[in-house]
Structures are given as C-alpha cells and as structure tokens.
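Novice: Read off the chains here:
2 protein chains.
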Amino acid sequence: MAEPIQFYFDFSSPYGYIASQLIDAVGAKHGRAIVWRPILLGAIFKITGMQPLTEIPIKGEYMKRDFARSARLHGIPFRMPDPFPFSGVAANRAFYWLEASDPVKAHDLANALYRAAFARNQEIGSVDGVIQIATQLGVDADAIGAGLQSAEVKDRTRAANDAAVAAGIFGSPTFVVDGEPFWGADRLDQVEKWLVSGGW
Amino acid sequence: MAEPIQFYFDFSSPYGYIASQLIDAVGAKHGRAIVWRPILLGAIFKITGMQPLTEIPIKGEYMKRDFARSARLHGIPFRMPDPFPFSGVAANRAFYWLEASDPVKAHDLANALYRAAFARNQEIGSVDGVIQIATQLGVDADAIGAGLQSAEVKDRTRAANDAAVAAGIFGSPTFVVDGEPFWGADRLDQVEKWLVSGGW
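Protein sequences, first through last, are from chains P and C.
Residues 153 to 352 (my numbering) make up the first sequence, in order.
Residues 153 to 352 (my numbering) make up the second sequence, in order.
Simulated from the structure, these hints should not be mistaken for lab results.
Predicted model only: the values in this text are computed from it and were never measured.
Some clues are possibly wrong.
When chains are identical, the list treats them as one kind, so a pair holds in a single copy or across two.
Computed list of lysine-lysine pairs in DSBU-like fashion (alpha-carbon distance at most 30 Å, straight line) [what the hints assert, rightly or not]:
1. K345 with K181
2. K216 with K345
3. K257 with K181
4. K216 with K198
5. K181 with K198
6. K345 with K198
7. K306 with K257
8. K306 with K198
9. K345 with K306
10. K181 with K306
Work out the full structure, taking the sequences as your base and the hints as a guide.
Specialist: In structure tokens, the structure reads:
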C-alpha cells in the first residue's frame, strides 16, 4: 500500500477549507489514504513572524476576493466567516480527542466543522460551538466536554503542532506526498502530477 | 481589440521570472497584448509589512524548494541568484527609461535581465550589471548611463510603483485581466480560464 498523504490545515484557514473539500477525492483517485492533521497557525506564526492574510494591508483585500473566487471555481459553497480569523484551539482538541478512539469520525468532524464555519458562518471558535457540531454527528456532549478539558488532549494537540513545525509546516493547507511538501490549495494540481509521475 | 493584460513583476522575484517566461505565450494564445510593469517590492513591503520570502523562518526553505520545482515543471532554466534578494532599482529605471522611446526593446531588456539573474546567476542589482546586459541588446552605454541618472526617469519609476500600489498590487507577479487581479505565477491557469470565459 502506498504511503498516505499528510494533509495539514488550520480550521480558520479559508484555503484549508477549500482543500478539505477536494483532497479526499484526490486520494481516492490515486489510491492514497489522507491523514488529516489540524495545526494551529497562531502558534506557528510566532515562529515565522507571519500574520493572518486578511490583516495585511492591500494584500488582505485581494485575499478575500481570491478566497471566494477560488471556491466558486471549484463549486464549493463559501461565506467569509465573521468574526475572522477565529481560534482553532477547541476544534483541534476535539479532533485529536476523537481521533484516538475513532479516526473516521474525527475526519467527519473536521469536515463538519469546516463546512459549518465556511459555508454557513456558524461559530466554531468556542468550546460550545465545537460541541454543538460534534453532537450532530452523534458524539456524546459530556464525553467531548470532558475531552476538551483533558490535560492529555491539550498535550496531544500541542505535540501535533510541534511535530508539524518539526516537519517544516508553516502554512495551511500543506500536503506531504512521499516526503515532498506542497503548500497551498492551488498546489493540488501539482500534488496530482507528483502522484502520477513520482516527481519531476 | 481586447484590453491588454497588465503584468506586474519585481526583478528580484523568482515567481516573477517564471511568469515572465510564460506570459507572452498566454497573451499570444488569447489575442491579448501584455503590458510589462516592473515594480519595486521593497517599497511596497514598507506599506504591507511583508518581507522577502526567503527571509521567513521555515517558509523560506520551502519557497527555495518550490522556486526550483516550479521552474522544472515548466521546463524553465533556474538558478537561485546569489546574493538574493537583490535591488531591482537600476533594472526598473532602465526599463522605464527605454520604454519611453522603444517599448518593444524595453520588453526584450526585461526578459534579458530576468534570464541573466535567474538562469545564469549574473548580477543585475547594480547600474553596471544592468548596463552590461542592455549593451548586449544594442543599447548605447552612454545613453542608458545618463538615463539611469536622470531625475525624470527616477520620478517615472517611482510614479509607476505608486500607480501599482494604487491599483492594489502587493506582490510579484500579478496579472490584471479586464480589471480582475490574479496574484502568483501559479494563477496563470486561472488567468487563461478567465480569458476564455470572462469570469466565473
């Protein structure tokens, strides 16, 4: 079996959302599993000195236009969340808590959280917002509530972010195919070429 | 006649170089002229707070890998210039000086400067470096030497940059098609789709 594709993303990243709606089909087409790895760009920005795209003068206005235009091109529903950016901490902890017992449902939760935030402008930046989405997938509210408070889950979430940084991840989305990193939802065409050719 | 495509680029931009080797063919294919507009990202970064890609921790290493990989994908010769980044001031002034009398030759000069810098690691950051390339195209060394010192040419170069900023340009390359901006050499596929469809 070929190596899975690593898919790193931040829940507050519009391009991460766009990629999330496309990556599973890419994996299925090329016989690769996708390992979803939520990251926290806020923590990574402290290392790189980068800042949220929409807060950069001039560039910010362009990016908002490009988010919507890129989503339209792929036929993906998109609304700019308000407020934006929002914290992905609760969403990341929920993912890593659930993944330990049920990786498939953790993937479904990530998908549901992204769609809630970027297709319906539903709030996923808080613990309550995340629990609401999770319970709609049949996750027990008390269990996830306890999970989100667990020191072990907090440590696991932090460790996942540290591992991403150690792997050279600085932005969302990033795909790693057989050790080769590709940054940006607009690199999926190159990801597919790499999957077919093994490189160039 | 359809509107020309505006092509904004910084001479020290690797993706600007890659785009420069592709954009004329895109214009020819779709019956559009290309208006080449050198900009100075250093001045624009003072407004946006951005910094050269290669100087950003973690991201910088990825970008160097992506420059070379993107060039290989398109079959474009590429060597990382050393030193990098370098000043595009002399190159911009040479372009705007020459464009006033001979726009076609100014385009050829821009192409020659880019290839010197990114295919042959030839120094184009200085007045002498730029004059050397220009004279190979038959430009008179004394004339361009005087042009590069001219207050009028300096003003024209600055005005071109101010006009780019006023048009919302923050990065290199940026293409503007019928008023629609596309940032990044990797947006040329969308530029082509836009040219065919008129938008989506």
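Novice: None of the hints should be skipped; say for each whether it holds.
Specialist: Status of each hint after checking the structure:
{"no.": "1", "hint": "K345 with K181", "verdict": "both (12 Å within a copy, 24 Å between copies)"}
{"no.": "2", "hint": "K216 with K345", "verdict": "both (28 Å within a copy, 20 Å between copies)"}
{"no.": "3", "hint": "K257 with K181", "verdict": "within (21 Å within a copy, 48 Å between copies)"}
{"no.": "4", "hint": "K216 with K198", "verdict": "both (23 Å within a copy, 21 Å between copies)"}
{"no.": "5", "hint": "K181 with K198", "verdict": "neither (37 Å within a copy, 45 Å between copies)"}
{"no.": "6", "hint": "K345 with K198", "verdict": "neither (33 Å within a copy, 37 Å between copies)"}
{"no.": "7", "hint": "K306 with K257", "verdict": "within (19 Å within a copy, 61 Å between copies)"}
{"no.": "8", "hint": "K306 with K198", "verdict": "within (19 Å within a copy, 38 Å between copies)"}
{"no.": "9", "hint": "K345 with K306", "verdict": "neither (37 Å within a copy, 45 Å between copies)"}
{"no.": "10", "hint": "K181 with K306", "verdict": "neither (35 Å within a copy, 54 Å between copies)"}
Checked against the numbered hints listed earlier, the structure breaks hints 5, 6, 9, 10; every other hint is satisfied.
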